[in-house]
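> Residue-level listing of the chains:
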Amino acid sequence: MSETTAPRAGAHRNVRTEAPLTRLALILVAVAFLALFLLAPLGVVFAQALQKGFGAFAGALQEPDAVAAIELTLLVAAIAVPVNLLFGLAASWSIAKFSFPGKSLLITLIDLPFSVSPVVSGLVYVLVFGAQGVFGDWLAARDLEIIFAVPGIVLATIFVTFPFIARELIPLMQEQGTVEEEAALTLGASGFQTFVAVTLPNIKWGLLYGVLLCNARAMGEFGAVSVVSGHIRGLTNTIPLQVEILYNEYNSVAAFALAALLASLALVTLALKTFLEWRHGDALKGHARRRH
Amino acid sequence: MSDQARIERTGPGPGTLGLKKPWRFAAPSVLPGFSLTFGYTLAYLGLIVLFPLSVLVWRASSLGFGGLYAIATEPRVAAGLRTTFSISFAAAAIDVVFGLIVAWVLTRYEFPGRRLLDAVVDLPFALPTAVAGISLASLYAPNGLFGGPLALLDVKVAFTRLGILVALIFVGLPFIVRTVQPIIGELEVELEEASATLGATRAQTVWRVLLPPLAPALLTGFALAFARAVGEYGSVIFIAGNIAYVSEIAPLLIVVKLEQYDYAGATGIATIMLAISFGALLAINLIQAWSRRRFGHV
Amino acid sequence: MNGATETLSRDTLAAATDSAHGFGIRIEGVEQDFGSYPALRDVSLDIAPGELVALLGPSGSGKTTLLRVIAGLNTPDRGAVYFGDDNATDLSVQERRVGFVFQNYALFKHMTVADNIAFGLKARPRASRPSRVAIYQRVTELLELVQLEGLGERYPAQLSGGQRQRVALARALAIEPRVLLLDEPFGALDARVRKDLRRWLREIHKKTGLTTVFVTHDQDEAMELADRVVVLNQGRIEQVGAPGELYDHPASPFVISFVGEAVALPVTVTNGHVTFGGRELHVDTHGLRDGAARVFFRPADIAIGGQGEGDLEGRVESLRRTAGGVRATIAIDGYDQKLEIDSALSSGAKLGGKIPLSFSNARIFPSDPISDSDFSEAGDGI
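Protein chains in written order, with my numbering: chain R, 834 to 1125; chain V, 45 to 342; chain A, 67 to 448.
FYI, nobody ran anything at the bench for these hints, they're computed from the structure. Quick caveat, the model's predicted, so the values are computed rather than measured. Take the hints with a grain of salt, since some may be wrong.
Said to hold, decoys possible - Derived lysine-lysine pairs resembling DSBU-like cross-links, with alpha carbons at most 30 Å apart:
(1) R/Lys1106 <-> R/Lys936
(2) V/Lys200 <-> R/Lys885
(3) A/Lys188 <-> A/Lys175
(4) A/Lys188 <-> A/Lys272
(5) R/Lys936 <-> V/Lys65
(6) A/Lys273 <-> A/Lys188
Make the full structure from the sequences, and use the hints.
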């Protein structure tokens, strides 16, 4: 109803908003709260990283332990993200394009890792693969190490980032329905061709979004990885773990240098996320409720 | 034989044009790949998530209620659980108040920098917990940017329970804001106008007409923030001080038990925490179901 | 309505209108612009106390804006609004004491029906607030007035559309408003419910005697319900009058085509003579200036054959049997729309053949580019 567009700003008897003074006060409270609790910590990361100048910052990142940590983090992400991506595609295809009983149960189960504390996520893998775990003796007999070694870190990371891509894709694909795929099939395309030429382009922004979030979490995971890692310098430390070690040694420049790396990744993720939502908001539709 | 008779003779039975259809799990579809993708989904889910979690449940059940109770009442564990739950509750509650203000301001007002601020709200989601942890610790340490001035007022944040509170406020905020924002955005303009025509002041309109529909979303946000805060580790352990009986959080206790190879103890604490998380999630679902039934929508 | 309810309603009438009866509305020179878009242009209107008035027009005509100006929900750039003798122009919405019923009801979903109705009374400052008992009584009376007895503890989500609309009305009446304003009150309902509620609104109006103004784009609704109809177009009042008057004595091309159907023949006036396609039409020009003009008449006033005010020749493009005779689709040279005319079997219409037509009750208006464009938009209106 174009006739009821909002009165111009300044209409002093607008019943749809608070008095100007109240508005100003609320805005100030909101801004102050956000600045205090959210922006300040972010700023501190970079301030501390650069407190001894850019040279010290760059140098810290080139220390052998730091380099090893970066390499391990990249390795872990390079395994966890594609593997969860494959799962996300498979799960969303089967859930969104077919009808079978127990769907909401399945979706709830997929969401489980979200509800579990990171430390507990690590704990469950220790219970399975640790020295006193289910496979403890079996692994020891074969001299295989999962806990306190890289495979354990990879597994714990996979667990923690498990739902990210699936829960971006499932509502999206559900909303898109099956019409286009069915049309492609009637035109003679094979299942795989249909998937590649019809489904993938429709979900590409949601996919990118999910991969971004999954990656950010994979690289930044701390609690779960801390439990399974063994904290062996140069071998089983990811960036977050190395940050912890350096901080506890009072080496704040080095700690914050690595932290700044992760924080930059977070900012890039946020920026891309904002951009995607702004430009392709409707292509990401189907988000009933997002919990991270 | 007439058609009529032929038709009457068919009925349920093997290989007839009868009425019984074989039961299938998934409805038939022209789209291919169900068995493949569904099978893979179940296998992967089972392997990565369900199997490890069931091991936890199995070990917890071998402790029995008695065993769990014994662990929960160990003095140090009890103190840790109390610390975790009480501070998580307080942090979530504070987040509800300020999160509501932030969500309101971001949704209903226009001012320079609004979009930027809106993006910033997601920071606790995106920032790795260890990074948040050390920067909060640094900020509130006695010589830190905030810690210094606060120390002059004789307020210690770092290495105290106050520090835990600050960290959990940081962690929980986006849950409230993101849950309640869409509801605020959907508030019909006519509601406010109707309220004004009936003679209500602006304050009455906000309090009686606009805020009550937000209650279910606020409760949901509270439950989410609470559940997350209870399990939070990386953001908290640097600023917490981790003094036994005083400022130890439950997740830290799990780590401590593991380092002592007390798998049973660790399992016990983890089970209690899981039970609380699931309880919170259940509460969320119930709230939303009730609200949908009563008011027709969330 | 049986006898028992009738008695109750009389009490309710008294309760709802003790101080409310008898406020006329006067609107003087109201103008409102939305940015550069003029929503209302110099609108003046006098509504008598107790009248039931319809604001009728297509979307964009300013009818809802005008209603909201009366309510105080919009502040006009110029002009004044009076309730009776009180200048209400500077009063806030809350102070005006108008009952407003919204198109989508705007019920408070988290409150029961009873709480919705009681809302205005409970919101009053302590000094003028009725007691709990009085409020409860009032709510009960209103529930009976709108025929929703016993539904007080339900929530809006549990009611049908028609029931919700009645709650909205009861809620507006609870505050003893000076006037009652309804914004497309039945727009969101389906046809049968709409018919019932129209009748019911007329009854309520009779019972309460409140000055009532409602907005609609449906001319049937306006004609059926209102004492007087205000036809609006592009922010201006085209005509105000009783329904019959609008039909029989339309004041402008817009009114003719918006209220009922009309044929508009482009003609030329020369020295008091009206010509169309080379033929002369016997239409009284009332001293109209020379130049281009349009002659309007209703399809119902067209007959096949015969001598009327005008004689036209048409070509039968299609012919269909109806219960009473035939329906012919006829094209006329020089006029781009087809006419649908019902006539008796014996009229002599043949497919593809030429046929003489005559019309009566014609009106003539000068053409000018602005009003012509008004006219053509209105033609698509309803």
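> Decide, hint by hint, whether the structure agrees.
Checked hints:
| no. | hint | result |
| --- | --- | --- |
| 1 | R/Lys1106 <-> R/Lys936 | holds, 28 Å |
| 2 | V/Lys200 <-> R/Lys885 | holds, 27 Å |
| 3 | A/Lys188 <-> A/Lys175 | holds, 17 Å |
| 4 | A/Lys188 <-> A/Lys272 | holds, 27 Å |
| 5 | R/Lys936 <-> V/Lys65 | holds, 22 Å |
| 6 | A/Lys273 <-> A/Lys188 | holds, 25 Å |
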